[in-house]
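Residues per chain are reported as follows:
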Amino acid sequence: MEHSGRRARHRVRRPGKNEVAVLQQFENAYDGSLLPTTNTTAQNEAMAIAGIKFLGEQVRKRKIDGALFFANHPARRGIDSPHEIRNWRDADPTVAVGFEGAPGHQAAGIPAPNGRGGARGYYDNNPSAASFAGYPLESYRTWGGFDWMTATVGGLWDSLLAEGKAWWITVNSDSHVNYLDQTDRGPGSDFNANGKYNDPVYTGAINTQAGDFWPGYYGRTSVGASSFSYKAVMDGLRAGRVWVDHGRLIKNLDARVRVTGDRRSTTGTPLGGVLQVKRGTSTELVLDIDLQDIPNWAGFVPVLKRVDVIVGTVTGAVSDKDAYTTPNTRVVKSFEITKTNGRISLSYDLGRLDKPFYLRVRGTDGNRTQAGLMGPAVDPHGPQLDVVGAADPWGDLWFYTNPVWVLPR
Amino acid sequence: MTTVSPPAAPAVTAAGAARIVGLSLGHTTLAEADHWIRALKPAPVLACTHLVTVPFPHVAISLLTAQPVETAPELAQAATEAAGGRFGRAVRFPGSERLTGSLTVSEILQRSSIGRVEVLGSGTADPALVVDTGDFVRPQFRNGELVLVTTPAAGGRLVPFETRHPTPCCADH
Numbered sequence: 243m244e245h246s247g248r249r250a251r252h253r254v255r256r257p258g259k260n261e262v263a264v265l266q267q268f269e270n271a272y273d274g275s276l277l278p279t280t281n282t283t284a285q286n287e288a289m290a291i292a293g294i295k296f297l298g299e300q301v302r303k304r305k306i307d308g309a310l311f312f313a314n315h316p317a318r319r320g321i322d323s324p325h326e327i328r329n330w331r332d333a334d335p336t337v338a339v340g341f342e343g344a345p346g347h348q349a350a351g352i353p354a355p356n357g358r359g360g361a362r363g364y365y366d367n368n369p370s371a372a373s374f375a376g377y378p379l380e381s382y383r384t385w386g387g388f389d390w391m392t393a394t395v396g397g398l399w400d401s402l403l404a405e406g407k408a409w410w411i412t413v414n415s416d417s418h419v420n421y422l423d424q425t426d427r428g429p430g431s432d433f434n435a436n437g438k439y440n441d442p443v444y445t446g447a448i449n450t451q452a453g454d455f456w457p458g459y460y461g462r463t464s465v466g467a468s469s470f471s472y473k474a475v476m477d478g479l480r481a482g483r484v485w486v487d488h489g490r491l492i493k494n495l496d497a498r499v500r501v502t503g504d505r506r507s508t509t510g511t512p513l514g515g516v517l518q519v520k521r522g523t524s525t526e527l528v529l530d531i532d533l534q535d536i537p538n539w540a541g542f543v544p545v546l547k548r549v550d551v552i553v554g555t556v557t558g559a560v561s562d563k564d565a566y567t568t569p570n571t572r573v574v575k576s577f578e579i580t581k582t583n584g585r586i587s588l589s590y591d592l593g594r595l596d597k598p599f600y601l602r603v604r605g606t607d608g609n610r611t612q613a614g615l616m617g618p619a620v621d622p623h624g625p626q627l628d629v630v631g632a633a634d635p636w637g638d639l640w641f642y643t644n645p646v647w648v649l650p651r
Numbered sequence: 413m414t415t416v417s418p419p420a421a422p423a424v425t426a427a428g429a430a431r432i433v434g435l436s437l438g439h440t441t442l443a444e445a446d447h448w449i450r451a452l453k454p455a456p457v458l459a460c461t462h463l464v465t466v467p468f469p470h471v472a473i474s475l476l477t478a479q480p481v482e483t484a485p486e487l488a489q490a491a492t493e494a495a496g497g498r499f500g501r502a503v504r505f506p507g508s509e510r511l512t513g514s515l516t517v518s519e520i521l522q523r524s525s526i527g528r529v530e531v532l533g534s535g536t537a538d539p540a541l542v543v544d545t546g547d548f549v550r551p552q553f554r555n556g557e558l559v560l561v562t563t564p565a566a567g568g569r570l571v572p573f574e575t576r577h578p579t580p581c582c583a584d585h
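Residue numbers (our numbering), protein chains in the order written: chain C, 243 to 651; chain X, 413 to 585.
So that you can see chain C by itself, here it is in the shape it has in the complex (with noise of 0.2 Å):
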């Protein structure tokens, strides 16, 4: 995984004789901080769409087994357009498959004196000339610790899905300095010389001011994979078999989406995934969650409180690819858990299938709530705009999952 200047993505690539080779191809010729400033927008977007197709291209001539293309912080800056999203998904959907539901630097919002006292996820960033003039100011700050893109339902995300096309959430350290590390970069080091800085040293302090966690300590991509090998993870991750919490809010989650009645094991659409039965076919979201019993990085057991289902119609290709918004998406069900510990399995019925639809499913310890930005209809009780300053973010925890969708045969 690696950045590229003027904007963060990473990508995946499974590691083989070519990967090196690839990988410097790929950060010469589209690295975004190389762009002269006086390139015109429509110049910059170009250069990212021929960085997918180029990393398409070294697939299938089998240079490299696979490459994924993950936006990170979509919204921070307001620089990822809506039509530029839905741009990179065409332009290779075996490639460009998703962005951040929730940026890293978790710890950035952690109160001073404890920490940096900032804003969680390092987004306190304002429009800019690079920036989408579209995007509302809410756009650039977290709910929740998500994105607004993800946080929003019936914003960005949802428009996308709407159309019935994959586009997937993850989320991510972007660790590079941790909160309380007791390490520096070692002395002398020139990244831009070397590649890389020199080891670190040991400093006698502890890093407050730092607003990353370590990878894993409080964010989670969950894949489900068929084997723990490289390849299988990328096989789970191109195919929305996703879901992210923080905190370690749940400890395991099954989504499918059935037939309803059909409670085989073996049977049943997971996340990602598409079910295609006959219209007037009965359907149901069967969820089991196993409640969290061991303590997080913080040192406690989260508590799940509510779990949302959210379901949208599937409306087709939008006709503004700028379009962030779609009417049809709402929280349909929330159910409030009392059980603290164990599995609970919930169940949802998704009616006879009239219109092509999709779900997905979001839960929190219900600490921080408001009415979501598109109304109290579409969202009661969403994600709440994180405080500058006064954001632990252990005290606020989601999990998000990726969505099944369900289409006429």
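Source of the hints: derived by calculation from the structure; they are not laboratory data.
Here the structure is a predicted model, which is why all the values come from computation and not from measurement.
Just so you know, not all the hints are guaranteed correct.
What the hints assert, rightly or not - In silico lysine to any residue, SDA-like type, Cα no more than 20 Å apart, as pairs:
(1) C:K438 to X:C581
(2) C:K563 to X:T465
(3) C:K520 to C:G406
Unchecked claim - For each label pair, taking beta carbons as the anchor points, the in silico distance ranges come out as:
(4) X:V542 to C:T425: 34 to 44 Å
(5) X:T440 to C:Q451: 27 to 37 Å
(6) C:K597 to X:R523: 54 to 64 Å
(7) X:G496 to C:V543: 54 to 64 Å
(8) X:T441 to C:N609: 36 to 46 Å
(9) C:T450 to X:S514: 20 to 30 Å
(10) X:V466 to C:W539: 48 to 58 Å
(11) X:F548 to C:D530: 45 to 55 Å
(12) X:F548 to C:K259: 45 to 55 Å
(13) X:R554 to C:P622: 24 to 34 Å
(14) X:G513 to C:G258: 52 to 62 Å
(15) C:A474 to X:S514: 49 to 59 Å
Beta carbons: idealized from backbone N, C-alpha and C, even for Gly.
With chain C's structure known, arrange chain X on it following the hints.
Chain X alone, transformed into the frame defined by chain C:
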């Protein structure tokens, strides 16, 4: 209506009178444009930045001033856009120099030509709430009114939505 007018702007066109002009020096960041504006002598009554996309994405400027201004021909379109801009981000405005330190919403409204203070996602701010200005206040024109958007901050206070030092792209790699 396509131009921005603060309350005291005279409509005369005689030479030497203050008028709204647009210009562009091709600044790539708001900070560069702010720096240029704040170095102007005499200080203009009103100076705004405008995010433009022609001929490439950059920051153009509009001023209420009697001074002459010039823009390179290749940036003329940006200057025109700035002159007609309705959503300028105000860097200098009446009372801007008095908005320092911690002030209540009510004090901000009294001391300056800011017509409204809002809390992001919540609407109009309670006049008694304290805003830690950080000596950096950049309200924006909306429908002819100067609006300052704030966000909640620690201790039940507010801070302006825009901060002086936002985290740069790909910080500290």
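The hints, checked one at a time:
no.	hint	result
1	C:K438 to X:C581	holds, 19 Å
2	C:K563 to X:T465	holds, 19 Å
3	C:K520 to C:G406	holds, 17 Å
4	X:V542 to C:T425: 34 to 44 Å	holds, 39 Å
5	X:T440 to C:Q451: 27 to 37 Å	holds, 28 Å
6	C:K597 to X:R523: 54 to 64 Å	holds, 55 Å
7	X:G496 to C:V543: 54 to 64 Å	holds, 59 Å
8	X:T441 to C:N609: 36 to 46 Å	holds, 37 Å
9	C:T450 to X:S514: 20 to 30 Å	holds, 24 Å
10	X:V466 to C:W539: 48 to 58 Å	holds, 49 Å
11	X:F548 to C:D530: 45 to 55 Å	holds, 50 Å
12	X:F548 to C:K259: 45 to 55 Å	holds, 52 Å
13	X:R554 to C:P622: 24 to 34 Å	holds, 29 Å
14	X:G513 to C:G258: 52 to 62 Å	holds, 59 Å
15	C:A474 to X:S514: 49 to 59 Å	holds, 55 Å
Checked against the numbered hints above, the structure violates none of them.
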